[in-house]
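**Student:** Each chain, written out:
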Amino acid sequence: MDERFDVAIVGAGPAGISAACMLADNGVKTIVFERGEYPGAKNIFGGVLYGHDLAQTVPDYVDKGFPIERNIVESRLWYLSQSGGYSVAYRDQAFFQARKFNAFTTGRARFDRWYAEQAKAKGAVLVCSTVVTDLLRGEGGQVIGVRTDRPEGDVFAKVVLLADGINSPLARKTGFRPEPKPEDVALAVKEVIALPEEVIDERFGVESDAGVTIEILGDVTWGMNGVAFIYTNKRSLSLGIGANLLDFSQQKVKPYEMLEAFKQHPMVAPLIKGGKPQEYTAHWLAEGGYDAIPRLAGDGFLLAGDSAMLFNALHREGTNLAMASGRMAAEAIMEALGSGDLSRNGLAGYVRRLQSSYVLKDMAKYRRFPHFLQDHKELFTTLPGLASLAAREMLTVNGIPKKAKQRTIWEAFRRKMSIRQSLRFVWDAWRSVR
Amino acid sequence: MSVKVEDKLFLNRYRVDEESHLRIIDYTLCLKECPDQPCLYICPANVYKLDRDRISVSYEGCLECGSCRIGCPHFNIEWRFPQGGYGIRHKFG
Ligand SMILES: Cc1cc2nc3c(=O)[nH]c(=O)nc-3n(C[C@H](O)[C@H](O)[C@H](O)COP(=O)(O)OP(=O)(O)OC[C@H]3O[C@@H](n4cnc5c(N)ncnc54)[C@H](O)[C@@H]3O)c2cc1C
Ligand code: SF4
Ligand code: SF4
Chain A
545 MDERFDVAIV
555 GAGPAGISAA
565 CMLADNGVKT
575 IVFERGEYPG
585 AKNIFGGVLY
595 GHDLAQTVPD
605 YVDKGFPIER
615 NIVESRLWYL
625 SQSGGYSVAY
635 RDQAFFQARK
645 FNAFTTGRAR
655 FDRWYAEQAK
665 AKGAVLVCST
675 VVTDLLRGEG
685 GQVIGVRTDR
695 PEGDVFAKVV
705 LLADGINSPL
715 ARKTGFRPEP
725 KPEDVALAVK
735 EVIALPEEVI
745 DERFGVESDA
755 GVTIEILGDV
765 TWGMNGVAFI
775 YTNKRSLSLG
785 IGANLLDFSQ
795 QKVKPYEMLE
805 AFKQHPMVAP
815 LIKGGKPQEY
825 TAHWLAEGGY
835 DAIPRLAGDG
845 FLLAGDSAML
855 FNALHREGTN
865 LAMASGRMAA
875 EAIMEALGSG
885 DLSRNGLAGY
895 VRRLQSSYVL
905 KDMAKYRRFP
915 HFLQDHKELF
925 TTLPGLASLA
935 AREMLTVNGI
945 PKKAKQRTIW
955 EAFRRKMSIR
965 QSLRFVWDAW
975 RSVR
Chain B
20 MSVKVEDKLF
30 LNRYRVDEES
40 HLRIIDYTLC
50 LKECPDQPCL
60 YICPANVYKL
70 DRDRISVSYE
80 GCLECGSCRI
90 GCPHFNIEWR
100 FPQGGYGIRH
110 KFG
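Going line by line, the protein sequences match chains A and B.
Numbered according to this note's numbering, the first sequence spans residues 545 to 978.
Numbered according to this note's numbering, the second sequence spans residues 20 to 112.
Errors might be hidden in some of the hints.
To be verified - Pulled from the structure, derived: some chain B residues nowhere near chain A, Cβ distances all over 10 Å: (1) 72; (2) 95; (3) 99.
As the list claims (entries may be wrong) - In silico BS3-like links for lysine-lysine, alpha-carbon gap of 25 Å or less: (4) A/909 x B/51; (5) A/807 x B/110; (6) B/110 x A/817; (7) A/820 x B/110.
If you're looking for bench data, these hints aren't it; they were derived computationally from the structure.
Built from N, CA and C at the ideal position, the CB exists for glycine as well.
Based on the provided sequences and hints, a complete structural model is requested.
**Tutor:** Okay, here's the thing in structure tokens:
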């Protein structure tokens, strides 16, 4: 390929495609490389996308037939012990009407392909089945293009946007950002389990187009810092579980054994009963939070989305941060192309935009949250059992006075956690999310 | 609990390359300096298995998560993406 482009984008995920949409909309000559046979071939996520950020690049996404499984109207949070657990749920009529598509489930194989089609229609060039294997550098070390695994696969571009996701051997090889440490990522495994549409409607108490998400904490992650989830698709459920990679290593847990045990939990098994597994996948989540964000711009290149470790674990927001950062990268690139300064300095508008938007504001707000989870393993070890004990005792009608029950619960609690530890827990929890 | 991960991998669609994209650099290091051998259990596809005293690599089932690359305490695994278009192809994602 002897052609020269203004911008070369590595990766056709939400970050890369939203940038491509915006650049192509503004007549910037853009090429996107994707290693999968089609966009989405390599990607998984839990399953929830957000209409707000999608509308910024494809305002008429509803008319354009975006691939949706179910519109999310209810969010549940479970805190599980081995025998049972707590459930809180929030449902709102607003999510059926005025705020429809605020959040919706989808699959990445369909979504990413559709989204990339939108960028192509706007004029971006998409090249699939192609791995970017190196960055081309100019005499001053600035990035001037990419090398691909195709014959004669060097492509020159004024700016390269690295939207290649969290698992980046390219980062390892070229050093555009450091390789994450095991404690900075969570490894998640996911299964898609097919069930008839009516069965899902009934089990989750919804009409066909509406859906439910369940986020799950507790000892289902076997004492490791982790989460699980169950999301409703039209004719399947997405079910996944993950934990910090360092914890997996240290505790010698096999991810698929934990997944199988999770599927047998008394609160989970009835929901998936009779379902047929369709697909089994694995992926990292960027867990490090604000402190793990690398340098976001260099001479001739920028990082967006998961490659920049932008993920809000508490709110399970990743695709929206990817889309927003891709968009802001595109804006900064256009600014730099206009001024002719493609150095790190010239591209600094990117970081400024991120800082003044919800992207880095939210990341900064929850800066302590990953540390809280990693430091307070009791959340995944002793507390789930104690919390269940409390509810189980209070709800059991057996002639024992409630005061005596409270004492039993309190004593059980005190055996596992000192007052000091408990206060520390509450204080750290509050500080990590305030 | 013993779970057959092969049954799960069987659900997936792959386009398998003839050449492995994963390579253990130094086998003696695995035996002599890696008592825990984390690659044997962190891998969600059970790609690494102990065959007598040598670790075998069934790269065909790899889910391309990257965990073995950063989880190997000696960085003893040479890891690249499968050639463009090869490897796992998600149906749903
Ligand atoms: C289990 C799980 C559940 C999640 N749940 C949610 C959720 O419910 N909601 C949410 O908003 N977020 C969720 N996330 C996070 C979300 O998936 C990511 O934040 C988001 O996908 C990041 O988008 P991205 O475009 O930056 O990267 P990616 O989506 O990873 O895209 C990167 C693209 O680059 C390609 N690529 C990589 N390297 C190369 C190369 N060298 N050459 C060519 N192509 C390359 C890849 O094939 C891929 O298509 C979840 C993540 C996981 C793992
Ligand atoms: S973790 Fe690395 S060094 Fe240890 S056995 Fe596996 S490949 Fe060898
Ligand atoms: S990349 Fe993931 S799935 Fe593939 S061999 Fe390594 S740990 Fe296993």
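**Student:** Regarding the pair residue 110 of chain B and residue 817 of chain A, is the alpha-carbon distance no greater than 25 Å?
**Tutor:** Status holds; Cα separation ~22 Å.
**Student:** Quick one: work out the minimum CB distance from residue 99 of chain B to chain A and report holds if it exceeds 10 Å, violated otherwise.
**Tutor:** Given that some Cβ of chain A is not farther than 10 Å from that of residue 99 of chain B, nearest at about 6 Å, it is violated.
**Student:** Would the pair residue 909 of chain A and residue 51 of chain B pass a check requiring their Cα atoms to be no farther apart than 25 Å?
**Tutor:** Not satisfied, since the Cα-Cα distance of roughly 45 Å exceeds 25 Å.
**Student:** Against chain A, does residue 72 of chain B keep a CB gap of more than 10 Å to every residue?
**Tutor:** Correct as stated: the minimum Cβ-Cβ distance to chain A is 19 Å, above 10 Å.
**Student:** Is the nearest CB of chain A more than 10 Å from the CB of residue 95 of chain B?
**Tutor:** Residue 95 of chain B is indeed farther than 10 Å from all Cβ atoms of chain A, at 14 Å.
**Student:** Does the alpha-carbon distance linking residue 820 of chain A and residue 110 of chain B stay inside the 25 Å limit?
**Tutor:** Status holds; Cα separation ~15 Å.
**Student:** Hey, residue 807 of chain A versus residue 110 of chain B, does the alpha-carbon distance stay inside 25 Å?
**Tutor:** Satisfied, since the Cα-Cα distance of roughly 22 Å is no more than 25 Å.
Of the hints listed earlier, those the structure fails to meet are numbers 3, 4, in rising order.
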